[in-house]
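A.B. asks: Below are the chains, spelled out letter by letter.
Protein chains: 2
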Amino acid sequence: MSAIDKVLDANQKYAEGFKQGDLPGRPTRLRLAVVTCMDCRLHVSKLLALELGDAHIIRNAGGIVTEDVLRSLIVSCHIAGTQEVMIINNTKCGMLTFKDEELAAKLRQETRKAPVAPARFYAFTDLEENVRQQLHKVRSHPWIPESIPVRGFIYDVDTGRLSEVPA
Amino acid sequence: MSAIDKVLDANQKYAEGFKQGDLPGRPTRLRLAVVTCMDCRLHVSKLLALELGDAHIIRNAGGIVTEDVLRSLIVSCHIAGTQEVMIINNTKCGMLTFKDEELAAKLRQETRKAPVAPARFYAFTDLEENVRQQLHKVRSHPWIPESIPVRGFIYDVDTGRLSEVPA
Numbered sequence: 018m019s020a021i022d023k024v025l026d027a028n029q030k031y032a033e034g035f036k037q038g039d040l041p042g043r044p045t046r047l048r049l050a051v052v053t054c055m056d057c058r059l060h061v062s063k064l065l066a067l068e069l070g071d072a073h074i075i076r077n078a079g080g081i082v083t084e085d086v087l088r089s090l091i092v093s094c095h096i097a098g099t100q101e102v103m104i105i106n107n108t109k110c111g112m113l114t115f116k117d118e119e120l121a122a123k124l125r126q127e128t129r130k131a132p133v134a135p136a137r138f139y140a141f142t143d144l145e146e147n148v149r150q151q152l153h154k155v156r157s158h159p160w161i162p163e164s165i166p167v168r169g170f171i172y173d174v175d176t177g178r179l180s181e182v183p184a
Numbered sequence: 018m019s020a021i022d023k024v025l026d027a028n029q030k031y032a033e034g035f036k037q038g039d040l041p042g043r044p045t046r047l048r049l050a051v052v053t054c055m056d057c058r059l060h061v062s063k064l065l066a067l068e069l070g071d072a073h074i075i076r077n078a079g080g081i082v083t084e085d086v087l088r089s090l091i092v093s094c095h096i097a098g099t100q101e102v103m104i105i106n107n108t109k110c111g112m113l114t115f116k117d118e119e120l121a122a123k124l125r126q127e128t129r130k131a132p133v134a135p136a137r138f139y140a141f142t143d144l145e146e147n148v149r150q151q152l153h154k155v156r157s158h159p160w161i162p163e164s165i166p167v168r169g170f171i172y173d174v175d176t177g178r179l180s181e182v183p184a
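In order, the protein sequences belong to chains R and S. Residues in the first sequence are numbered consecutively from 18, following my numbering. Residues in the second sequence are numbered consecutively from 18, following my numbering.
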């Protein structure tokens, strides 16, 4: 049985017990957007105790503020009324385990193809500095209102605890 | 009290009860990556019954396969051994509620700034067709192995149920 078929079975059971009322798409209680890593060791809604309807969650490899994350944050702020942004990287991020050019070279060699996108993988070596860079990218964008607090954190996947990174 | 301070308080309690053992960054049990929307009405781990360590979760405005999502999927497949990909859009997506050019024009006018990125917002009008386009983008990338099944779904935010979109 494929992984997808397993989670589809699980979704059948979820839907049978499903009661959410009529929630709006705007995250009305917390008005929060969270940018974090796709890492399988992060259950974002649990580690922040988010209920359905509380927050937009944006995730990619590393919790990197890319053009796509800025797109999502602009939609979150201007279409859905988000008023605070958290950026969370994690202590055992896979992006600490390789180098961009090594991965690209390996893939070019194995596939004999050299696509122009993605232009970068955004692997990094310094976790705190990486968080700070992502904060700066959000704060620098002219379509993210200056009134919106943007704060950065590191999630420790061994202890479950968040610690703030000074800007 | 700010929303971020509220979720930080909640995280303290989460960390006090935290026991996860020593999980690898590779999603070993399911070897699955899920691409879906940032929508606050989706608790991805709950609706798919994912445990810690089961799957990479990639989220943005709309569940759109952008350059950044391809970047994340390539890392997921080649650094972390992912072997199946699900794309999930949802019935009440905010991206169905506006038009790219209207939002960009409004922001240019309000801020008197015209950043070159993001180049698009990826608002859409046809949900099934949107899912199909995202499937095609993943399948077309030469660095996503052809052996990896890529399947598309619509999540009904009123019933909690997933339905598959034929490719």
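Bear in mind the hints are in silico, worked out from the structure with no lab data behind them. Do not rely on the hints blindly, as some may be mistaken.
[Stated by the list, open to error] Here chain R is said to cover these stretches of chain S; the calculated rule only asks that three of the stretch's residues, wherever they fall, bring their Cβ under 8 Å from a Cβ of chain R:
1. 18-31
2. 38-48
3. 51-58
4. 67-78
5. 90-99
6. 128-141
7. 145-157
[Claimed, not checked] With a cut-off of at most 25 Å between alpha-carbon atoms, the simulated SDA-like pairs for lysine to any residue come out as follows:
8. R:Lys-30 / S:Lys-130
9. R:Lys-109 / R:Arg-137
10. S:Lys-36 / S:Gly-70
11. R:Lys-109 / S:Pro-41
Backbone N, C-alpha and C fix where the C-beta goes; we use that ideal spot for every residue, glycine too.
A.B. asks: Next, verify each hint and record whether it holds.
C.D. replies: Hints, verified against the model:
Here the region 18-31 of chain S counts 11 residues with a CB under 8 Å from a CB of chain R, which clears the bar of 3, and the coverage holds. Under the rule that three or more residues need a Cβ within less than 8 Å of chain R, the assignment of the region 38-48 of chain S holds, with 7 such residues. Proximity of the region 51-58 of chain S to chain R, defined as three or more residues with a beta carbon under 8 Å from a beta carbon of that chain, is established by the 4 residues found. Check result for the region 67-78 of chain S against chain R: holds, 11 residues qualifying (beta carbon to beta carbon below 8 Å, three or more required).
Against chain R, the region 90-99 of chain S contributes 6 residues with a C-beta closer than 8 Å to a partner C-beta. That satisfies the three-residue criterion, and the hint holds. Figure legend: the region 128-141 of chain S, annotated as covered by chain R; annotation consistent (9 residues with Cβ-Cβ distances under 8 Å, at least 3 required). Taking a C-beta to C-beta cut-off of 8 Å, the region 145-157 of chain S contributes 0 residues in contact with chain R, too few for the three needed, and the coverage statement is violated. At roughly 48 Å between alpha-carbon atoms, Lys-30 (chain R) and Lys-130 (chain S) are farther apart than 25 Å, so this suggested pair is violated.
In summary, the hint linking Lys-109 (chain R) to Arg-137 (chain R) is supported, as the alpha carbons are separated by about 20 Å, within the 25 Å threshold. Distance hint between Lys-36 (chain S) and Gly-70 (chain S) is fulfilled; the C-alpha atoms sit about 13 Å from each other, no more than 25 Å. Distance hint between Lys-109 (chain R) and Pro-41 (chain S) is fulfilled; the C-alpha atoms sit about 9 Å from each other, no more than 25 Å.
Comparing the model with each earlier hint shows violations of hints 7 and 8; every other hint is respected.
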